[in-house]
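Trainee: The listed protein sequences correspond, in order, to chains A and B.
Residue numbers for the first sequence follow the numbering used here, beginning at 1055 and rising by one.
Residue numbers for the second sequence follow the numbering used here, beginning at 1055 and rising by one.
One thing to keep in mind: the hints can contain errors.
Said to hold, decoys possible - Here are the simulated DSBU-like cross-link-like pairs (lysine-lysine), alpha carbons at most 35 Å apart as the crow flies:
no. : chain 1 : residue 1 : chain 2 : residue 2
1   : B       : Lys-1141  : B       : Lys-1203
2   : A       : Lys-1062  : A       : Lys-1342
3   : B       : Lys-1062  : B       : Lys-1253
4   : B       : Lys-1141  : A       : Lys-1342
5   : A       : Lys-1253  : A       : Lys-1141
6   : A       : Lys-1141  : B       : Lys-1342
7   : B       : Lys-1352  : B       : Lys-1342
8   : A       : Lys-1253  : B       : Lys-1141
9   : A       : Lys-1342  : B       : Lys-1203
10  : B       : Lys-1141  : A       : Lys-1141
11  : A       : Lys-1062  : A       : Lys-1253
12  : A       : Lys-1203  : B       : Lys-1141
13  : A       : Lys-1342  : A       : Lys-1352
14  : B       : Lys-1342  : B       : Lys-1253
15  : A       : Lys-1253  : B       : Lys-1203
16  : B       : Lys-1352  : A       : Lys-1203
17  : B       : Lys-1062  : B       : Lys-1342
18  : A       : Lys-1203  : A       : Lys-1141
Claimed, not checked - Between beta-carbon pairs, the in silico distance windows are:
no. : chain 1 : residue 1 : chain 2 : residue 2 : range
19  : B       : Phe-1386  : A       : Glu-1454  : 17 to 27 Å
20  : B       : Asp-1321  : A       : Arg-1175  : 40 to 50 Å
21  : A       : Glu-1454  : B       : Pro-1231  : 33 to 43 Å
22  : A       : Pro-1176  : B       : Arg-1391  : 45 to 55 Å
23  : A       : Ser-1063  : B       : Arg-1391  : 47 to 57 Å
24  : A       : Asp-1136  : B       : Asp-1417  : 50 to 60 Å
25  : A       : Thr-1060  : B       : Ser-1127  : 28 to 38 Å
26  : B       : Pro-1176  : A       : Ala-1296  : 42 to 52 Å
27  : A       : Pro-1176  : B       : Gln-1402  : 27 to 37 Å
28  : B       : Pro-1231  : A       : Arg-1387  : 29 to 39 Å
The set of hints was computed from the structure by calculation and includes no laboratory data.
Nothing here was measured: the structure is a model prediction, and the numbers come from that model.
Yeah, the Cβ is synthetic: ideal placement off N, Cα and C, and Gly gets one too.
For reference, the chains in residue letters:
There are 2 protein chains.
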Amino acid sequence: MKSFLTLKSVEEVLALIGTFSPLDTETVPLDEAAGRWLAQDWHAPEDLPGFDRSTVDGWAVHARDVFGAQEGSPALLECAADLSMGKAPDVPLEEGHAARILTGGMLPEGADCVVMVEHSRPVNDELVELVRSQAPGDHVIFSDDDAAKGALLIPSGRCLRPQEIGLLAALGQVEVPVRRRPRVVIVSTGDELVPCREKPAPGQVRDVNSHSLAAFCRAAGAEVRLAGLVRDDTALLHETVARACEEADVVLVSGGSSAGMRDHTVDIFTSMPESELLVHGVAISPGKPFILARSGEKCLMGLPGHVGAALITARAFLRPLLLRLQGGEERFRPGVRARLTRSLASAQGRRDYVRVRLSRTEDGWAAEPILLPSGLMSGLVHADAVVVCPENSEGLYAGEEVWAEVLR
Amino acid sequence: MKSFLTLKSVEEVLALIGTFSPLDTETVPLDEAAGRWLAQDWHAPEDLPGFDRSTVDGWAVHARDVFGAQEGSPALLECAADLSMGKAPDVPLEEGHAARILTGGMLPEGADCVVMVEHSRPVNDELVELVRSQAPGDHVIFSDDDAAKGALLIPSGRCLRPQEIGLLAALGQVEVPVRRRPRVVIVSTGDELVPCREKPAPGQVRDVNSHSLAAFCRAAGAEVRLAGLVRDDTALLHETVARACEEADVVLVSGGSSAGMRDHTVDIFTSMPESELLVHGVAISPGKPFILARSGEKCLMGLPGHVGAALITARAFLRPLLLRLQGGEERFRPGVRARLTRSLASAQGRRDYVRVRLSRTEDGWAAEPILLPSGLMSGLVHADAVVVCPENSEGLYAGEEVWAEVLR
Chain A
1055 MKSFLTLKSV EEVLALIGTF SPLDTETVPL DEAAGRWLAQ DWHAPEDLPG FDRSTVDGWA
1115 VHARDVFGAQ EGSPALLECA ADLSMGKAPD VPLEEGHAAR ILTGGMLPEG ADCVVMVEHS
1175 RPVNDELVEL VRSQAPGDHV IFSDDDAAKG ALLIPSGRCL RPQEIGLLAA LGQVEVPVRR
1235 RPRVVIVSTG DELVPCREKP APGQVRDVNS HSLAAFCRAA GAEVRLAGLV RDDTALLHET
1295 VARACEEADV VLVSGGSSAG MRDHTVDIFT SMPESELLVH GVAISPGKPF ILARSGEKCL
1355 MGLPGHVGAA LITARAFLRP LLLRLQGGEE RFRPGVRARL TRSLASAQGR RDYVRVRLSR
1415 TEDGWAAEPI LLPSGLMSGL VHADAVVVCP ENSEGLYAGE EVWAEVLR
Chain B
1055 MKSFLTLKSV EEVLALIGTF SPLDTETVPL DEAAGRWLAQ DWHAPEDLPG FDRSTVDGWA
1115 VHARDVFGAQ EGSPALLECA ADLSMGKAPD VPLEEGHAAR ILTGGMLPEG ADCVVMVEHS
1175 RPVNDELVEL VRSQAPGDHV IFSDDDAAKG ALLIPSGRCL RPQEIGLLAA LGQVEVPVRR
1235 RPRVVIVSTG DELVPCREKP APGQVRDVNS HSLAAFCRAA GAEVRLAGLV RDDTALLHET
1295 VARACEEADV VLVSGGSSAG MRDHTVDIFT SMPESELLVH GVAISPGKPF ILARSGEKCL
1355 MGLPGHVGAA LITARAFLRP LLLRLQGGEE RFRPGVRARL TRSLASAQGR RDYVRVRLSR
1415 TEDGWAAEPI LLPSGLMSGL VHADAVVVCP ENSEGLYAGE EVWAEVLR
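Extracted from the complex, chain A is given alone in its bound form:
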């Protein structure tokens, strides 16, 4: 059966990717949790910092004892015992007394603010002059200022950055619930392919996509197994995909760029148990012959054989899928603003991903389109970013300011 492709839009494909469920939760040690995605809302198990702390080096006092104090009319207070770091003060601070405190130190009972050391003049060992009036709370972090017990601190689905790791550490969360890593099996097809360790004979090329897609998947948090090279043989590909489905959450078939093999890939995907063909062709360039199917909760994806097209498609759809399986999403698509060095034509109704090389100019960045066929790898290696030419545009003009998403 051969039919014209009904091309889906990028948004339609992303919505279909959203129909896959996040994977199971597992618990990992705090020091291995960075870059993973939190699997449940996390609330403060206790107050943080848990006691009133000074934010400066200075003198803990009762605010009313320094009320109105200034350079010309200092408040004269009696020196209480110095406060030690890491210890609760033994006794409350009496009125009319000031206790020496360090940044991060615990305020004694009764003290409600801190006068900075810069605003103090020791008279002798027993007396100190303070020359600044303070309000209660000045230079103090109160017991639950950073987090109040029970407050939602990190919502489910957040990627754990160094700062989230810090907050988890601060509250003693030494084990962290995250979604397990997606297991991806990569199948490369094509009679012309040889493993990259081998010297290709004339007419053969080394298998590129297994390695570049594996790197791509790992950077998106996945565990990868390479199923190796499969000849353009339907039975063999069927068997390989079926076996991959048993162990993997995502089966990637790359290649089959000839029209015949593409159809075979679709047929094989739809012959899996509980299968449904979700996408066969998407309105982007490069990457149009993209295939997405499901077999129960397993995701089957067919990527173009051309490495340029494969990586652009992976960025557009595979990464969102892998994040989705981890319960996360890409909230931002960071880039730089740049001016196009030449005009670009684009077909209406199709989203073009134009690879660009970025270079510094006097007033920002210049984006030079790399106009090489997507079958050449060098084009993608020279590319620093991609510029998206949207569906409703006929092109972009030289000198126009564009958004260049940096390729990592």
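Knowing the structure of chain A, use the given hints to seat chain B on it.
Mentor: The following block gives chain B in isolation, referenced to the frame of chain A:
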């Protein structure tokens, strides 16, 4: 000895970081090379693809045999044997003949272009009509189009992304020379600190910086060892730093936020062999009490104890250092454009890093400044990005368009 800090500018600190040399080169397997930094210029060891390939499914021909062909006056050619993928054609293509070829297939000797299958009409098994005139080279990637033997493909110091991994695979480079990972030892100081597994007594807090800085360093490619917690004891800190120097490329001391301990850290750094104090204080906020020193080729860095300040400083200086040691650099600082929701005052002569929360608006992103003390962690956890308020600015206005560097 106590002296006023001579604050350095961000550019001065970065220039000093540039005086450290990249680390040694090591060789890693291709599939572990992603995210590492190439240690030498890499030239093509052979032509790529290494033979003339078709970029379409169609018919390989001599261009002169289809010269002037069009819908109304097709060129009638004799069918040569079908070409197989992955094999060199047995015989040259005779004049007046056309050979069926698939995308990626090798052109037979004599053929110099390909007519797309869409522009062919088979007459019978022996004859085919071609209805499109082609120039030599049409729909062909020539033997050295992707890379010519000897050409510089990836310069030294480039971070290896999935596309670079692909190009290395394509040319059979199964082992890759990269800079070895920097070894970082993290020392946390402060009498108030307890390990994050323990329940702090009143006045104590858990050690946050060890874990968040470790995550930060690992994300920048480093190997990390935690030296654990060191009391505010000069002799003990001296011994810990000296031991760390023996095994590490970078020794991070975090904490010592009290004025006294900061001075001790500087004294300890400068007592190491072949030491030189490079920076003691930098004109940024937060993060002013930053310390940078060297002991021979070892780098000694003192970061503020406040986690917010520590991570901002790490982003400004530690990451550039870790990349420098790997022979790399951050070429772009990707972000998003956003409008400030409120005005921000800033001191002249100082670079302020303002944490912001990003939210979608009708016409882009809004950046809401998070105005919490840098000692609170929740502020950094709520932050999606930082907005830099430059040295020559007195502030930024509500509604102003700013550049928000996304925090990862």
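Trainee: Next, verify each hint and record whether it holds.
Mentor: Now for the hints, and whether the structure bears them out:
At most 35 Å may separate the alpha-carbon atoms for a hinted pair to count; B:Lys-1141 and B:Lys-1203 meet this at roughly 22 Å. As the CA atoms of A:Lys-1062 and A:Lys-1342 are separated by approximately 9 Å, the hinted pair is consistent with the 35 Å bound. With a CA separation close to 39 Å, the supplied pair B:Lys-1062 and B:Lys-1253 exceeds the 35 Å bound. Of the pairs offered as hints, the one joining B:Lys-1141 and A:Lys-1342 holds, with about 27 Å between alpha carbons and a cut-off of 35 Å not exceeded.
For the proposed pair A:Lys-1253 and A:Lys-1141, the alpha carbon gap of about 69 Å is over 35 Å, so the pair is violated. Between A:Lys-1141 and B:Lys-1342 the CA atoms are separated by roughly 27 Å; this keeps the pair inside 35 Å, and the hint holds. The suggested pairing of B:Lys-1352 with B:Lys-1342 holds, with an alpha-carbon distance near 22 Å, which does not exceed 35 Å. Using a Cα cut-off of 35 Å, the hinted pair A:Lys-1253 and B:Lys-1141 holds, with the two alpha carbons roughly 14 Å apart.
Using a Cα cut-off of 35 Å, the hinted pair A:Lys-1342 and B:Lys-1203 holds, with the two alpha carbons roughly 32 Å apart. Taking the CA atoms of B:Lys-1141 and A:Lys-1141, the gap is near 78 Å; set against the 35 Å cutoff, the hint is violated. Taking the CA atoms of A:Lys-1062 and A:Lys-1253, the gap is near 39 Å; set against the 35 Å cutoff, the hint is violated. Distance restraint check for A:Lys-1203 and B:Lys-1141: the Cα-Cα separation of roughly 69 Å exceeds the 35 Å cut-off, and the hinted pair is therefore not satisfied.
A distance of roughly 22 Å separates the Cα atoms of A:Lys-1342 and A:Lys-1352; the hinted pair therefore holds under the 35 Å criterion. Using a Cα cut-off of 35 Å, the hinted pair B:Lys-1342 and B:Lys-1253 holds, with the two alpha carbons roughly 31 Å apart. A distance of roughly 15 Å separates the Cα atoms of A:Lys-1253 and B:Lys-1203; the hinted pair therefore holds under the 35 Å criterion. The suggested pairing of B:Lys-1352 with A:Lys-1203 is violated, with an alpha-carbon distance near 43 Å, which exceeds 35 Å.
The suggested pairing of B:Lys-1062 with B:Lys-1342 holds, with an alpha-carbon distance near 9 Å, which does not exceed 35 Å. In summary, the hint linking A:Lys-1203 to A:Lys-1141 is supported, as the alpha carbons are separated by about 22 Å, within the 35 Å threshold. Our hint of 17 to 27 Å for B:Phe-1386 and A:Glu-1454 holds, since their Cβ atoms are close to 20 Å apart. Under the hint 40 to 50 Å, the C-beta atoms of B:Asp-1321 and A:Arg-1175, about 27 Å apart, miss the expected range.
Taking the beta carbon of each, A:Glu-1454 and B:Pro-1231 are about 40 Å apart, inside 33 to 43 Å as hinted. For the pair A:Pro-1176 and B:Arg-1391, the supplied restraint of 45 to 55 Å holds, since their beta-carbon distance comes to about 52 Å. At roughly 25 Å, the beta-carbon separation of A:Ser-1063 and B:Arg-1391 lies outside the given 47 to 57 Å, and the hint is violated. Taken as a hint, the range 50 to 60 Å holds for the pair A:Asp-1136 and B:Asp-1417, whose Cβ atoms sit roughly 56 Å apart.
For the pair A:Thr-1060 and B:Ser-1127, the supplied restraint of 28 to 38 Å holds, since their beta-carbon distance comes to about 35 Å. A C-beta distance of roughly 36 Å is found between B:Pro-1176 and A:Ala-1296, which places it outside the suggested range of 42 to 52 Å. Taking the beta carbon of each, A:Pro-1176 and B:Gln-1402 are about 33 Å apart, inside 27 to 37 Å as hinted. The given range of 29 to 39 Å is respected by B:Pro-1231 and A:Arg-1387, whose C-beta atoms sit roughly 32 Å from each other.
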